[in-house]
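J.: Chains as they are written, first to last, in UniProt numbering: chain A, 1 to 403; chain B, 1 to 403.
No lab work stands behind these hints: they were computed from the structure.
Incorrect hints may appear among the rest.
The list treats identical chains as interchangeable, and a pair is accepted whether it falls inside one copy or across any two copies.
What the hints assert, rightly or not - Simulated pairs of lysine to any residue, SDA-like, Cα-Cα distance not exceeding 25 Å: (1) Lys392 with Tyr356; (2) Lys253 with Ala131; (3) Lys253 with Ile70; (4) Lys253 with Pro69; (5) Lys392 with Pro197; (6) Lys325 with Arg154; (7) Lys365 with Ser140; (8) Lys253 with Asn134; (9) Lys281 with Val130; (10) Lys325 with Phe258; (11) Lys365 with Ala82; (12) Lys325 with Arg403.
Keep in mind that this is a model prediction, so the values were computed, not measured.
Number of protein chains: 2
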Amino acid sequence: MISVDEATRQVLATARPLPPETVPLPQAVGRVLLEALHADRDFPPFHRVAMDGIALSFEAVAAGQATFPIAATQLAGMPPQALLDAQTAVEIMTGAALPPGTDTVVRYEDLEFHEVNGQRIAAVRVPPPVAGHNVHRQASDREQGALLLPAGIRLSPAEIAVAATIGAATLQVARQLRVAVVSTGDELVELTETPLPHQIRRSNAYMVQAALQQAGVQSEIFHFNDDQEALRQGLPPLLAAYDALVLSGGVSKGQADFLPAMLRELGVSQIFHEVHQRPGKPFWFGEKAGGAVVFALPGNPVSTFVNFYQYVLPWLRRCEQPHSKLPRPTALLATDFSFAPRIAYFLPVRLELSPYGHLLAHPQKSGGSGDLASLLQCDAFLRLPAEPTDFKAGDAFPLVRFR
Amino acid sequence: MISVDEATRQVLATARPLPPETVPLPQAVGRVLLEALHADRDFPPFHRVAMDGIALSFEAVAAGQATFPIAATQLAGMPPQALLDAQTAVEIMTGAALPPGTDTVVRYEDLEFHEVNGQRIAAVRVPPPVAGHNVHRQASDREQGALLLPAGIRLSPAEIAVAATIGAATLQVARQLRVAVVSTGDELVELTETPLPHQIRRSNAYMVQAALQQAGVQSEIFHFNDDQEALRQGLPPLLAAYDALVLSGGVSKGQADFLPAMLRELGVSQIFHEVHQRPGKPFWFGEKAGGAVVFALPGNPVSTFVNFYQYVLPWLRRCEQPHSKLPRPTALLATDFSFAPRIAYFLPVRLELSPYGHLLAHPQKSGGSGDLASLLQCDAFLRLPAEPTDFKAGDAFPLVRFR
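Work out the full structure, taking the sequences as your base and the hints as a guide.
T.: Next comes the structure, spelled out in structure tokens:
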């Protein structure tokens, strides 16, 4: 039986890069950029006025001049007005291009205005300390041609704004992953049906679909009873059409657990079966050449949940961003905790960000891998190693977060 | 001029609870539940077999019996088979309902099987330690009628799964917020246009729309030039139709900054104008009775960004979840930092989760509130108070996170 680390490594090794597709800018948020974007102009593209006030020549102020007749007014968006007489000033607004002949802006707060014979005059109360004051100099942030957004990054609102600034109305992004969620199990009825006393309603497929949706991945749900013939007919089209199948149930040691054999029969090569962990040990993982990878997760709801976040989500992320390091968050155990079986344990925890910036993990009670309701009080699992069996408050462990 | 804390308090005070709407379960992830959901049955609804193996009477094992003829086989989803003879056992699979007459399950790993005259017989290699072993007892997680999901919570995959389990095919959730993003400014051209040397392309509206989308809020973008008549005609329908307007630009001291007066003229009561912070000081905030609240943000891109995450996003969250505490995350300054002006400063930072579970904030260089590209290297702002002016590595401050 392999370890969690080895299973994770083998899962990630099957990730395949996604081809590009073109989408309009407003639809690109959250997607992965597959082209490099460069500055089409300097950033800022001109000496940009950073405060409302007057633009003048610093030399005149330095020479002791304190009052400046207003020669012109320039709002943002107007072509710059050249200052012909260095003893005057241009009244000017934030966002405007600095007028030729000026190099400095004095803001309204540091000015007083009066009028003489209909001529508006600004008196400088607080002289600017240096030339260039309140001017956001052309190219001071980025030069024309500079790389702004490299291929491979995920697009957040800041990147969307930068792309808009350079006129990228459409973007090349990684195609969205296609995932089929497959539930099996004769004990499961549809959520609109009334279960018989020995039946329960289907929930894992909805949980997996919701988790995929939160990860920005669209999916479709398929259900098969524990009927080998239906699966033999139904799975091949899914293996051909989707990037990944996420199954739950049918992979333990039970008599109805024929999925591993069935999947091998359908040409899905087994990569591993069973991981040295609790819950979620009977996880089966395989790949069809030229087709989908198959995550066949054990059907107990907490097992399905643990394995989705430990294996499926990192695989999706690796497909989207093959060259990015995956985050490896940790948290501190908030109280001492003991777990006797010598097997990696995914401890359900509630997280708290302490006032001192520590991420604390509080262990929560759980009725085991069937106790779906226990997840309602939890935010994450803390992954405790197989050894030792006694864990101390304050120790840091890998965190598998689902909220 | 009011403080950031006071401005935040006044913004949140205008949040209005949202009415319910009904959505199908798969569309409810990320939404806020507005009804309480109770367990329709016990959790689990029956004594649920937790391992593949045999179900038997613990008393027989305790009395020394080591071999058990298999009287029946029961897969998950089959009605339970009553065990009539306590000296025999039922071969049984995970998820099945425990047969009457049995109380304990021995898993396959602890059994050996042989056959005598066509009768399958299980030999118990490792006796169960207690009665009830490997049985997930009816109602042990939750009892019928128990509150599972209270009104007011946000639905994550775990809640979706629990809702599926109790057959909630549709859910009452808070209606989605309706937000109009309004950009103003004559210097701005559409992103498909080629700007003149003194013009730039519109980016704030796309940034705000992307940030809203990441928060699960749909929005529409409207642009007005700095044309008072166009705004006088165009804003009233938006004030009537939307929950909130997010404007950027037109609120500073400049001659084209007529928005505050215009908004008051249109019946939007000013709640405050200007906050003692950098960047983003000229923020104007108001509310129209019976209509939208108006966030008129300063137009420099970093100012827009800071104020969106400090004020707009918490307001959206408070509308969706009026009774929930807003998160107040903090992070530790990673290096000493000085900021001389005695004004609250939103310091751009890159975040790092240390191996010891500390969230560290590394200050990043920024060319000021116009330096949009500087956001690409940042994950958040650390909110430093107006006093003191020298901040020490390791001190914790409020965190405004945008990535």
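J.: Against this structure, judge whether each hint is valid.
T.: Hint check:
no. : hint               : verdict
1   : Lys392 with Tyr356 : both (19 Å within a copy, 14 Å between copies)
2   : Lys253 with Ala131 : between (79 Å within a copy, 22 Å between copies)
3   : Lys253 with Ile70  : between (88 Å within a copy, 17 Å between copies)
4   : Lys253 with Pro69  : between (91 Å within a copy, 20 Å between copies)
5   : Lys392 with Pro197 : neither (43 Å within a copy, 63 Å between copies)
6   : Lys325 with Arg154 : within (13 Å within a copy, 30 Å between copies)
7   : Lys365 with Ser140 : between (56 Å within a copy, 12 Å between copies)
8   : Lys253 with Asn134 : between (73 Å within a copy, 15 Å between copies)
9   : Lys281 with Val130 : between (68 Å within a copy, 23 Å between copies)
10  : Lys325 with Phe258 : neither (36 Å within a copy, 48 Å between copies)
11  : Lys365 with Ala82  : neither (73 Å within a copy, 32 Å between copies)
12  : Lys325 with Arg403 : both (21 Å within a copy, 16 Å between copies)
Hints 5, 10 and 11 from the earlier list are contradicted by this structure; the remaining hints agree with it.
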